[in-house]
Each structure stands twice: as C-alpha cells, then as structure tokens.
Amino acid sequence: MSAIVSVENVVKEYPLGKLKVRALDGVTLSFGEGEFAAIAAPSGAGKTTLLNLIGCVDVPTSGVVRIDGQATSELDDAGLTRLRLHKLGFIFQSFNLIAVLDVYQNVEFPLLLQGGMTKKERDRRVREIVEQVGLDKQMRHRPNELSGGQRQRVAIARALVTRPRIVLADEPTANLDSATGQNIIGLMKEINRKNRTTFIFSTHDPMVMSQAERVIRMADGRIVGEERRAAEGAA
Amino acid sequence: MESLRILLLMAFRSLGGHKIKGLIVGSLLAFGTFLFVLGTTLLESVERAMEASITRSITGHIQLVSARAVDRLTFFGPEASSDQDIGVLPDFSRVREVASKIPGVAAVVPMGRYYGQPILNTELDEAIEALEEAFAEGDPAVIEDRIGKVRRMAARLKEDYLRAAALAADDEEHEKAIAALDRVTSEEFWTSLRHAPEEGLQFLAFEIAKLSDDESMLYLPFIGTDLHRYAESFVHFEMVEGEMPPPGTRGILISQAAYDQFFKNRPARVLDLLHEAKTLDGRRIADDAALQDLVSRLKEMTAQVTMHLSPRAATELDAKLRERFPKVEGDLDARLAAFFEVDDENFAERYEFFQKEVVPHIPLYRVPVGGTFTLRSMTKSGYPKAVNVRLWGTFRFKSLERSELASAYSLIDLASFRDLLGLMTAEKRRELDSIREEVEVSEIDPNDVEAFLFGEAPVIEEGGEADLDLDARLAALDRPTDEDSDTFDPAEIEKGTILHAAVVLHDPGKLREVMARLQEAFDREGLEVKPLAWSEVTGIIGQLVVVLRAVLYVLIGIIFVVALVIINNSMVMATMDRIGEIGTMRAIGARRGFVLALFLLETLVLGFFASALGALAASALLALLGQTGIHTHQPFLIFLFGGTALYPAIDLANVVWSFAVIVVISVISTFYPARLAARVPPVVAMQGKE
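Going line by line, the protein sequences match chains A and B. Numbered by the numbering used here, the letters in the first sequence go through residues 5 to 239 in order. Numbered by the numbering used here, the letters in the second sequence go through residues 227 to 916 in order.
Calculated from the structure, these hints are not laboratory results. One thing to keep in mind: the hints can contain errors.
With beta-carbon atoms standing in for the labels, derived distance ranges [said to hold, decoys possible]:
1) 167(A) / 246(B): 38 to 44 Å
2) 894(B) / 131(A): 40 to 46 Å
3) 140(A) / 245(B): 30 to 36 Å
4) 249(B) / 103(A): 51 to 57 Å
Note that the structure is predicted; figures quoted are calculated from it, not measured. Where is the CB? At the ideal position from N, CA and C, for every residue including glycine.
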C-alpha cells in the first residue's frame, strides 16, 4: 500500500501573545490509499492541527507534509488551493454548508470551481452522489430546511463529488445524535469500500473509533499509540 | 461562464439573505441615481434653453473682441454695468469678410454695448407744449381743454410746493416758485392768456415748466448695431409696435419690457403689474405684502391720471366714479383714490374699467412710438454727450417677453451709438485735428486716436494746461445731432469703429469647432481678434449653470460618499458574519479571486438594480415633465427656461453616466471589504463556526 499522505517529523507552533504554543511536536505518520483511519484524542491534543496540515489549509512550522507525493510547504496559496480542490474532500464538524445555496447547488459548487466539465456531465455526477447519500428528494432544499444528519449527508456528497483521493472529516458526528452519527459513519465507510477513497477523521467518540480500521491516539501534540484492526464486515 | 453563473446566483442569494442591508444601501443608490439623472437632465435642459435664450436674442453664439481687450466683454451682471475696457475691433469689414468665409457662420453682426440716460419731457412740459399747439391751431374747444389741463397741473404743483415750504426752511428760490405758481393759478392769468397768449405761454414755458421735476434717473442699456442685420440674424427678434428705421436712418428700438417699465404711465403700469401677478402668477393681494405695497402706492398716483385728463374726460370719469362711490367726499382725485383701492374681489372688474374708461384719455407712454427723445451719456473720455433719437418702435424676443434679462438691452443705430460713446466720425475727426493743432499736440498716430480720446496717451499729459481747454472744446462737440445727420451711409458706417461683433451659427453644436477655425483664420490674416463663446460673455448668467452644476454634484457627491461609507461598513460587517462561509469556500477550493469577485458582484448586482430603479423613476418623472412642461411666470426662470415652460428631454448619456458612476462607487466601496474577505484563511472553516 503506497502512502498517499505522509507526515514527517512535523512541528506546528502557534503564536499566543508573546509565547509560542507548540500544537504538534514532531509527528511522523503516513496513510495508504483506501484507508479508513481515525485520529482519536482529547480536545487540545493537536488532532485538528494535524488535520489542517493534511488538509492543506495550513502549513507546518517544520517538517514535511506530502499529499500524493507533493510537499505542501513548497506551495503558495494558489497551489494549496488547487491541491485542496482536486485531491481533497472536507467534511466539517458543523457541516459548513453554504446557506444561500440549495442541496444540489452546494454539491455542484466544487465541480464549478474545478471547471472543465460539461453541464450534463456535472449534473450526472451531482445527481449520482446525492442519490448515493439518499437526499434525492431534498435536492432543492436549502440547508436550513434539513435536519443535522441530512446536512452532514450533503457535506459528504459535496466532499465526494470531485472524486478526491482523500476525505478529511473533523469530528463528523460531534453535532449529531448517536444513531445519526452511526448512520453517517456507515455511509462514509460504505463509500470508502466502494471507491477506495482514503478517509481520515478525528473523533473522541468510542463508537466512531470502533468503526475505524486504524486508530491513531494523540496527546500533547504527539502520537502516543496506534491500533489496527480488520475492517468490520471486511472480507 | 459557469462560475459566473454560480457567482451571480450566490450574489443574488446573499442579497436575498440580507434584505435590510440591501434595502438601505439599495435605496441610497437608487436615490443617488434618481437625483443624478434628474438633476443632470434638468440642468442640461436649462443649459440648452438658456443658450437658446441668450444666443438667439443678444449675444449670438460667439462674440468677436479685440485680442488686446483688457477686460472680458460681459453682457450681464455687475461687470456689465461697470466701465469695461474691451478695446475695439481692428477693421471690422475685414473681420466680417474673414469670419463669413468660415463654414457654419450664418451672420456677423457689429455691436457695442453701452448705456445712456433718456431725458424725458416732464408731464407739465408736454401739457404746455400741447397748449401752444392748440393756440397755433386756434380751435377754442381744444384750447379750453388744454388750459384746463395745465391749470390742473399748476394747481397740483403749487400744492406740492406749499407742502414742501411747510417742511423746509424758507429760501428765495422757493418763494419765487410759489409766487410764479400763484400767478398761474389765478383767474386773471388765464383771462389775459386767452386774449394775448404770447406772453402767458412764454411765462409758462420758461418760469413754470422748469418747476416740475418728475424725471426719474433711469439708465437705458443699449446695443449699438446694424439694426437690420440684427433683426435678420437673431431669430427671436420681433417688432411689437412701430417699424424698423429705414436703412441708414438714425433711431432707437426699445424692448417692450423696458418701454413698459420705464416709459409707461405709472398708475397704468402698476395696474398691469398687479394684473400680471394675479392672472399669471396666481398671487393674491390679501396675502402678498409686495402687492399690498403696490396698491398703497397706486392710491398716491391719482394725479398722474387726472392731470392728463381733458376737462371733458375728467367730468365724464368723475360722473362714473360718483355712481360707484356716492359717499366719497372731495374731488375726482379722492374718488379715483377710492377706485384705486383694489382688492382680490374687485380687481379684475376695475382693471377692465381702467383700460376702457381711463387709458384712452391719457398718454400711455412718456415717449410715444414715432416720438423723439434725448439720450444722454458720458463718453469714454468722460464728458457728457446728448443725442436726439427717434423711437421707431418696440421689439421683443419671442417667448422671452417677461424676462427682464432678455429685454435689458435696447437697440440703437451705429451712428448714434458712436456719438454717444464719443467715437470718431469723419467730421469730428477733422474738428479734433484742428483742436489738436491749437493745443500743439503733434504727431498723433491714427492708431492712437482711441487712446487719445480715452485719455490714456502720454501726449495728453504733456499738454498740461491745454488739457482743460481741450476738455472744454470736446464738450462743445456735445450737442444733439441736427436734422442733416439723421441719416448715414450704411455701407460706410461699418468702416468706422466697431467694439465687438456677434457671430450667429447655423449649428450651435459646432461652436468649439467654429471658434477654433475663426481663431486660426484671424491669426492667419494678422487680425488681432479673439472669439469668445456666448457662455464666456454672459457674466453671472453664464456662470449660473456652472454654479448649479457644482451644487448638484456636491449634493450627489454627498449622497454617494454616504452610500460609499454605508456600503463599505455593511460589507465589512457581512464579511465578519460570513467568515465561516468564506473559509469553507476557500477550504473546498475557491481561490481568493473567487471570493473577491463574489463580494464585488454582490454590490454590483445591488447597484445595478438600485440604479436601474432610480434611473427608471427619474426617466418616468422626466418623461412626464417633458409632456406637461415645468411652467413658470418668474421672469428670471423664463430666461433660464427660454420661455414660460421648460420641457426636459431625457439624455441617454446621463442614464449611462449614472450607471457608470454607480459601478465605480460600488467597486470602490466594496473593494476593501472584498479584499478583507479574500484574506480569510481556509483554516477558519475548521474552527467549528457556521
């Protein structure tokens, strides 16, 4: 399994007044294609920072983060943006849908940013993924007309519509009740299996962790443990 | 294209999601556009109308002046009444020849503006003259009629003198006047006059006539010009009464408004003013202090009616007024004063009565059309000059009848004009030459004659004592022109001194182009002549549009600055509100340019619709006004409007302009917040905000 994401001895410091806070302190790890991995840690342990670096919305203070072989610290804002647009999908804790757009338009949005696709092709892709997350009946609803679970399904559809290599999810179930959370994780896992999309998500929910093939534990900006298990229901 | 679609879509949606903000900013932009379109359109309509008013009546489109002019030629405002040193045109015939060849030039009219004081006969003068004529003709009834008139005036004059004597300290002159008036109000004087008129008439003419002094100081601004060329070239010109003087004949044409204002019998004039105020302006005496003042002055003016009435007319009028005012004690004056006490209810009827029963019996104007009066002026070199001029007729400028500005100038022939300014005629030049020899001033270059006359040439200073003598001699030249010089050669006249000239164009739109060509042609021909646009020679009037435009732009500017600040502020706040959304878009893969474009587009969309609404509203209002017209009876506005109504025409350029301005305003005001938004880092999307 080749590493699609590799993190090598990464340090990330944030200025806090005159002080520097070290959020990540020499982290090294890598993810292979098609992995379904969870980063488990209490709040403040650095899991969001790690996801930000992998998600190319931030660059490390030192060390190297490679996405599909490309070191992020070598890219400017436009380069990082391109990388995010084409290789990454995001699922946010608070769903982060664009309030003024409906379900269809939210999902269509990254495809429009990518460009180079006929309207017909785009429409097919959007409908396919929206059906896959089971929202074909809510296609023209605005986010405020949807439940939390439905919103997160839209977010998943939006993250997947560009067929990214990696999907990052920051506490995707934190704002959902446990049944819905279970459901969402199930959906993610299903897609992971079907498309071989790499899923990296952070969580401190044991139920979610139990679904992961690999769980990386962090504390105080360091990796403190890792466990692998065979995927549930995997052959 | 597709991303533009999503941008537009998001812009619309965002606007829909922030209705209050959109409404405030939108209405501000809409109002700004409304004002912009309305204001500039009205202003341009006024400018066009005023241009037509001025160029078709007085100045023409271009004025040609000497390039050596010290002062800027000005027709209106304070500068116009000051003594302007504008020099003279070098060789008008050539100037005209050169100018006429320029394509687009319709006419070149010689001109000069100046002012003089009409010396008018007093009413007593006229009554005495009329009596002399009656004796010469010998009709006893007419003689009695005229005697009655003079006696009535003498009696009134005596009353005035006695009243004045009661107030003033006794002086000899005054006593002599009262003694003379005593004599002419006695029965014996008139009895002897009937038998031997010679001596009595002389006494009246020499001793009594001078006692009456109702001459008011009035200055008549005039333009010395070729009257026929003027009448042909200025399309707004039309005669009201009388006729044009035959070519080569001296004479004056007075504007009807000035004629009414200065020459009309005063009570008749006051009644006209009240009539106009009531019928045209809809003003009411009851609630208008100025009109009440006119009425109270009118009541004092009865003498100016009664002194002109023949005994028969006076008796008849008195009988009619007695029926109306049976209770009023006293004479005709008392009853007429009662009649003059007009109010809103009785005015129309009394005005009609006055026109029918009084006007035919009095001289309505102090100088009738066809009559002659003396016009006195101060020449450029500072000595008084008097010229007898025949009033050939009155004129007006079409649709500008009530405008005081358009009717400010009267028109006088060039020969009389030159006399009034003390400019050279061949005869005077010879006379001057002989004077010059006597005062031993030698070698005055012909080009220096101007300077010599205007007192600027150093040679005069050398003259020393001789100066006084020279002035006296020059003053001797000041005598009313005699019969022989009532005519002049119209072909020769243009070879003399011309101060400036009006150029009338076929197409006013080519003004600048023709001006440039004129300048070029004059330079080529070595003529020191400078063309000035009409707007440059109209003084405060020409600047009025500039001032109005400045006020309008400042007002619009303020609105747009306020809009700018509010848009900027609300967009900054929107950026703060939408940090999560922006961060999400950036995280998903939207470039900074996308966010920038999105924010700019939002304001643009708002600006577009708001300004479309504002422009539409303004256009609708203007279309309505274009149909109904904006009506006025205000003399000044009549001048601005080029008539009693302004019909604004919508200019698409103004609408386009306002759109352009809105676009610029939107972009400027959104630029900072949009940049702010574009700098929102994608990492904020991860911070759990929505």
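Do the hints match the structure? See the list:
Between residue 167(A) and residue 246(B), the C-beta spacing of about 41 Å keeps the proposed range 38 to 44 Å intact. For residue 894(B) paired with residue 131(A), a C-beta distance near 42 Å keeps the hint of 40 to 46 Å intact. Taking the beta carbon of each, residue 140(A) and residue 245(B) are about 31 Å apart, inside 30 to 36 Å as hinted. Look at residue 249(B) against residue 103(A): about 19 Å separates their beta carbons, and that is not inside 51 to 57 Å.
Hint compliance for this structure: hint 4 is the single one not met.
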